[in-house]
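S.K.: Counting along the sequence shown from 1, when you hit position 209 you're at 209 in the numbering used here, and nothing is skipped either side.
Simulated from the structure, these hints should not be mistaken for lab results. Take these hints with a grain of salt, some might be off.
Taking lysine-lysine pairs in the DSSO-like style, the calculated list, with each CA pair at most 27 Å apart, reads [to be verified]:
hint: 1; residue 1: Lys44; residue 2: Lys101
hint: 2; residue 1: Lys44; residue 2: Lys202
hint: 3; residue 1: Lys44; residue 2: Lys119
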Amino acid sequence: TAARDELTPLLRTPFVNVNDYRDRTATGWEYEVLANLRPNWTLKAAYGRNDTAITRFFPLLEERLTEARATARSRGLDPDAATVLTREFLDERRSVTESAKRITASLVTRYSFVQGPAKGLAVGLAARFVSGRPWTPVIVGGTEVLPATTTEDYLITSPFFTYRRRFGRMAWSLQVNVDNVFNLRTNQAGSYRWPRYIDPRKFTYTTTIGF
1 TAARDELTPL LRTPFVNVND YRDRTATGWE YEVLANLRPN WTLKAAYGRN
51 DTAITRFFPL LEERLTEARA TARSRGLDPD AATVLTREFL DERRSVTESA
101 KRITASLVTR YSFVQGPAKG LAVGLAARFV SGRPWTPVIV GGTEVLPATT
151 TEDYLITSPF FTYRRRFGRM AWSLQVNVDN VFNLRTNQAG SYRWPRYIDP
201 RKFTYTTTIG F
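Given only the sequences and the hints, what does the whole structure look like? Please build it.
M.R.: Have a look at this one:
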């Protein structure tokens with residue numbers, strides 16, 4: 001990177017690993033409600049909010065920058081001119097990074113048939129809403145090449161079915177889960193650089209036999 005090439009001549013030891021990190025602080029809350037609408041019908045709903053803020057930017061690079069500025073000064077150089085690219089990089093990152101606020105909500109309900117031809121059958125639905133994730137702009141050489149944006153909000157719906165029967169002393173059950181039944185596809189990565197799509201539709205079959 002430009003910062004690495006600029007600082008290396010001013011460091012006692014060159015960069016070995018250019019990876020760095022940012023500290024994040026998260027606060028949030030969640031409300032949850034449980035209810036039995038009927039003896040055979042349950043409901044659980046939740047709503048929450050999470051706020052994430054970056055509290056420290058690239059501390060490893062900051063340490064190297066401090067060392068490079070001291071070295072430049074000891075050599076009779078202007079520390080600002082000798083580290084201009086690195087300081088611009090850090091200033092850009094600080095200026096475009098903001099706190100991220102996300103809202104989540106979920107609902108799970110289950111209804112069991114306790115009499116009649118459908119006795120032993122239970123049907124349910126799980127739904128989860130997540131608000132979009134903010135992306136910071138991509139800046140190259142001081143020029144914004146990709147703007148700040150926010151990923152789309154999404155709602156995942158996943159029905160499930162269970163059927164239980166007894167045959168003498170043997171208990172048998174079959175459960176079918178359909179995750180993301182509408183096969184929603186949306187990129188929910190943390191930035192432009194690394195795409196991450198939510199999992200596609202998935203069927204899960206589970207059979208249990210008890211003696």
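S.K.: Take the hints in turn and mark each one as holding or not.
M.R.: Each hint tested on the structure:
Restraint check for Lys44 and Lys101: satisfied, since their Cα atoms lie roughly 24 Å apart, inside the 27 Å limit. A distance of roughly 23 Å separates the Cα atoms of Lys44 and Lys202; the hinted pair therefore holds under the 27 Å criterion. Between Lys44 and Lys119 the alpha-carbon distance is near 23 Å, which keeps this suggested pair within the 27 Å criterion.
This entry satisfies every hint, going by the numbered hints stated previously.
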